[in-house]
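Number of protein chains: 2
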Amino acid sequence: MTEIILFVLKINEMNYQEIASTMVINAWNAEIKYTNATLEKISDEQLMQEIALGRNRGIYLLGHLVAVHDLMLPLLRFDEVQHKDYRKIFIESPDKAIGNLPSADVLRKQWHEINNKLQSYIDSLPAEEWFTRHSSVSEEDFVKEPHRNRLNILLSRTAHLSNHRGQIVLLTPNT
Amino acid sequence: MTEIILFVLKINEMNYQEIASTMVINAWNAEIKYTNATLEKISDEQLMQEIALGRNRGIYLLGHLVAVHDLMLPLLRFDEVQHKDYRKIFIESPDKAIGNLPSADVLRKQWHEINNKLQSYIDSLPAEEWFTRHSSVSEEDFVKEPHRNRLNILLSRTAHLSNHRGQIVLLTPNT
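Keeping their order, the protein sequence lines are chains A and B. For the first sequence, the working numbering assigns the number 1 to the initial residue and increments by one for each residue that follows. For the second sequence, the working numbering assigns the number 1 to the initial residue and increments by one for each residue that follows.
Only chain A is shown next, with the shape it has when bound in the complex (with noise of 0.2 Å):
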């Protein structure tokens, strides 16, 4: 009787598990796809433009993105943060405070590889690991405040980068 109630409850809870893991997943692959996108019709000289008047310059933001999508790494508990000083530069440090920044060619290159990382992770992770606490919440707090999972992390990642996507948009050739 346990047992059977057990595995009923355990197909259950996949069903619901599986189903806000694809909304979210499916949200964060869309995201990605339209920056890149969006990327593809900026060349490198107009990366290193400004969004607005006075405002921070494409290639800090994208270098930015590279460093927030790098920390997802060890905050999914999925792998080591790949490039160390980008915490400093792209996200501790404000655009122009640092003089030489990587080239638009690199931080291209990084993108995609951090992006693609990170993808083959989420992609194997089955839906009840998602459920899981992420990296920075501890396990007494987690028992408490449950939604403070990975997939929380994967849901505010897919915000953070289109509030981004929205201002390096900005540098398209305007039609």
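Mixed in with the good hints, there may be bad ones.
A pair counts as met if it fits within one copy or between any two copies, since identical chains are not told apart.
Here are the simulated DSS-like cross-link-like pairs (lysine-lysine), alpha carbons at most 27 Å apart as the crow flies [claimed, not checked]: (1) Lys96 / Lys84; (2) Lys109 / Lys144; (3) Lys41 / Lys84; (4) Lys33 / Lys144.
Derived from the structure by calculation, the hints contain no laboratory data.
Got chain A; can you put chain B on it based on the hints?
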């Protein structure tokens, strides 16, 4: 026996439906809060400016957000659209195509009204109801694609709001 299984199933479903809906509702609430804080820093005069040279004006983006959030009412099966003409003005038409837009004052008021209306429905919707279909998917299709639910609308509109907030913030005074 069947009754016990169904009861335990129900409790358990609630659990994952509640965790997932809490995650998405929290993200939505945060995005609304950030957007309101941004709008408060922008004067009505600044709202009439383009977010970048030759791009949409703040006033158009605010109207666009009112129109998109208004359309969430029928899409989420909450209520009827409040501003029927806004789809044409702020979604189907680009900025500057229509001469007389509603004033900043009117749009700010409608922005808060529509979000407050949405919020009251959002706050009172039971977790399991978030996993029922939204109004633009048929019952047949929903069986095959259960992720096309009401929660998915809230998720995609959160990213949409974040996208335009990243643009509207460019109208705040440059510090």
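- Message: Need the list of violated hint numbers for this structure, in ascending order.
- Response: 2 and 3
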